[in-house]
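Participant: If you read the sequences in order, they're chains L and A.
Per numbering that gives the first Met the number 0, the very first residue in the first sequence carries number 0; after that it's consecutive.
Per numbering that gives the first Met the number 0, the very first residue in the second sequence carries number 0; after that it's consecutive.
Quick caveat, the hints were computed from the structure, so don't treat them as lab data.
Any given hint could be a false lead.
[Said to hold, decoys possible] Computed footprint of chain L on chain A; a stretch qualifies when at least three of its residues, placed anywhere within it, have a C-beta under 8 Å from a C-beta of chain L:
hint	stretch
1	13 to 23
2	142 to 148
3	246 to 258
[As the list claims (entries may be wrong)] Covered by chain A, per the in silico footprint, the following chain L stretches (three or more residues, Cβ under 8 Å):
hint	stretch
4	98 to 112
5	151 to 163
6	262 to 276
[Said to hold, decoys possible] Distance windows between CB atoms, simulated:
hint	chain 1	residue 1	chain 2	residue 2	range
7	L	L150	A	T267	45 to 55 Å
8	A	R164	L	L275	17 to 27 Å
9	A	R210	L	G65	46 to 56 Å
10	L	A238	A	P153	54 to 64 Å
11	L	N67	A	A133	43 to 53 Å
Here the structure is a predicted model, which is why all the values come from computation and not from measurement.
Yeah, the Cβ is synthetic: ideal placement off N, Cα and C, and Gly gets one too.
Listed below are the residues making up each chain.
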Amino acid sequence: MIVLRYVFEPGFFASGPVHIALAVGAVVAVTSAVVGLFTVMRGQSFAGHSLADIATTGGSGAFLVGVNQFWGYLAFGAGAAAFMEMIGVQRRRGRDVATGVVLGAALGLAALFLYLGTQYSSTTGASFAILFGSIFVITSSTVPVLIASALLALATVVALGRVLLLSSLSPDIAAARGVPVRAVGAAFLMALATSVALSAMIIGAVLSTALLIGPAATALRVTKGPVRAAAVAAGIGVAATWLGILLAYDSFYWPPAGRGWPVSFFVVTLIVGGYLVSYLRRRDRGKVAPTEPDREHACSVA
Amino acid sequence: MFSGLMLNTWIAATAVAVIAGVTGFFAVLRGSTFAAHAIPNGAFAGAAGASLLGLNPFAGLAVFSLAGALGIAGLSRRARSDVATALTFVMMLGIGALFVSWSTEYAQEAYSLLFGEVFGVSTGEVLPILALGAASVAAIVVMFRPLMLSSALPEMAAARGVSARRMELAFLLVMALATSMTVPVVGALLMFSLMIGPAAAARSLTARPARAMFLSVAIALVTVWAGIALSYQSNWPLGFFVGVLGAVFFLAGRAYAATRRRLHLDRTARGAA
Chain L
0 MIVLRYVFEP
10 GFFASGPVHI
20 ALAVGAVVAV
30 TSAVVGLFTV
40 MRGQSFAGHS
50 LADIATTGGS
60 GAFLVGVNQF
70 WGYLAFGAGA
80 AAFMEMIGVQ
90 RRRGRDVATG
100 VVLGAALGLA
110 ALFLYLGTQY
120 SSTTGASFAI
130 LFGSIFVITS
140 STVPVLIASA
150 LLALATVVAL
160 GRVLLLSSLS
170 PDIAAARGVP
180 VRAVGAAFLM
190 ALATSVALSA
200 MIIGAVLSTA
210 LLIGPAATAL
220 RVTKGPVRAA
230 AVAAGIGVAA
240 TWLGILLAYD
250 SFYWPPAGRG
260 WPVSFFVVTL
270 IVGGYLVSYL
280 RRRDRGKVAP
290 TEPDREHACS
300 VA
Chain A
0 MFSGLMLNTW
10 IAATAVAVIA
20 GVTGFFAVLR
30 GSTFAAHAIP
40 NGAFAGAAGA
50 SLLGLNPFAG
60 LAVFSLAGAL
70 GIAGLSRRAR
80 SDVATALTFV
90 MMLGIGALFV
100 SWSTEYAQEA
110 YSLLFGEVFG
120 VSTGEVLPIL
130 ALGAASVAAI
140 VVMFRPLMLS
150 SALPEMAAAR
160 GVSARRMELA
170 FLLVMALATS
180 MTVPVVGALL
190 MFSLMIGPAA
200 AARSLTARPA
210 RAMFLSVAIA
220 LVTVWAGIAL
230 SYQSNWPLGF
240 FVGVLGAVFF
250 LAGRAYAATR
260 RRLHLDRTAR
270 GAA
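Use the sequences and the hints to build the structure in full.
Facilitator: See the structure below:
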């Protein structure tokens, strides 16, 4: 019991913000893990990260004009996804350039919004909230909307499941079988934008990218088969999020500042640590059967 | 606008545009756009750490951007490079979040690292930018042929004994070198926009490598100069103008390429008829 008291600081289970953080964190982690699986397979990590950054730009824009930030996040995320799809070339390299151009323009807008924002209020911490967010300051009134939108994104991806899998792994075969590859890609990008925009709003752009890519990439390394990979990724995401929240709560009295270490640091470290374990584990097996990963096609090598 | 105080700004911005034009050309050609975003942004964590320890922020930026380049290149050996980049990047930012939470008065400085402080450049800051800029441009010029070959025709490069892995590492290190100097001046976000927009526009205007590189530098220069002038007049942040101008140039380049292709098709169709 004494050990348990050291692991769970007193008050952990009684704290309202902690309850909300645990619940919302789990929903976001599961959605991100499943959407992330396809993101990693399709090689769209950059788009996933960019959409998070762009959505936060929309958040600060909405703040500026006095609209509920939620709509700013969603509108900018979806708008950017549509724009990327429009100017994006189908090849991966061209797509990354299109993503980069959209991201560059959005970051310019972010600079402007922050500048205009600081004209009216002296919140220099705004650039910070944008990057790092905070899981402990979710107001409980926004929780149902957040969860509903996350489930919508999740449902889209699950419903597209087989078609999406085929067109991600082998676009040519999918096209030959009559799958509208481009439309499926566009629908997936929209689901990605929704899920990323929400998670960026709740936990910040950094953590959003970590939860999207890390668990999925780890799961693709250690499992075979899409359903099992999705389950493992979701498990890793939830475990890292909960453990990170617990550690952040415990760290309140840790040195040097005595006001708690950030949740994002713990969650990111856990996720990247998990990935590194799976990455290094593969090395031993690689010695038995040395295979060079084919960058363009190897989907199992995340 | 051209007073003595602003002279440093013009010099520094010009140097940054040349660096961004040259490195950006290869970043776009190689498809390393994500790395071009991750290295300058992740390096910001190093500056936060350096200020915590009371060191020069340049040292922190240099250490973190080099570590980022090594991390991306190391993880990409046996994983998809976008996944490697994403995970290296979030790890650097996670550490940055920790550093920032430890220090008390960092928020203002973080803002200027992300968005730049191009109007407050001192002479002491201009010299290292010029020196490191010259070094990274020289490195690219020296590597030009093997880098070009491994970017455009990786298989042929491998057949000629140019290691793709080593080229990737060398290129990322040059990018790290370039960004560690430029980030405190123009900011991490602007550095990224300046690398991608002009280079992508230049590539759609011409297919010849050397000409595209010069064009990329020229567009970057025009973007920065126009951005500074507009920012000086309107008092709006430079990052906004550079980001938007980069996207405008890219779209204009794409439109030009599309029109030219259509005209060419028309002409060949008429020639056949």
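Participant: Compare the structure with each hint and give your call.
Facilitator: Evaluation of the provided hints:
Three residues within the 8 Å Cβ limit are the bar, and the stretch 13 to 23 of chain A against chain L gives 0, so the coverage statement is violated. Counting residues of the stretch 142 to 148 of chain A whose CB falls under 8 Å from any CB of chain L gives 0; the rule of at least 3 is not met. Counting residues of the stretch 246 to 258 of chain A whose CB falls under 8 Å from any CB of chain L gives 4; the rule of at least 3 is met. Figure legend: the stretch 98 to 112 of chain L, annotated as covered by chain A; annotation consistent (14 residues with Cβ-Cβ distances under 8 Å, at least 3 required).
Only residues whose C-beta sits within less than 8 Å of a C-beta in chain A count toward coverage, and the stretch 151 to 163 of chain L has 0 of them, not enough to reach three; the restraint is violated. Counting residues of the stretch 262 to 276 of chain L whose C-beta lies closer than 8 Å to any C-beta of chain A gives 8; at least three are required, and the coverage claim holds. For L150(L) and T267(A), the hinted distance range of 45 to 55 Å is satisfied, since their beta carbons lie about 53 Å from each other. For the pair R164(A) and L275(L), the beta carbons lie near 19 Å from each other, so the given range of 17 to 27 Å is met.
A beta carbon spacing of about 49 Å between R210(A) and G65(L) agrees with the range 46 to 56 Å that was offered as a hint. Checked against the given bound of 54 to 64 Å, the beta carbons of A238(L) and P153(A), roughly 39 Å apart, lie outside it. For N67(L) and A133(A), the hinted distance range of 43 to 53 Å is satisfied, since their beta carbons lie about 50 Å from each other.
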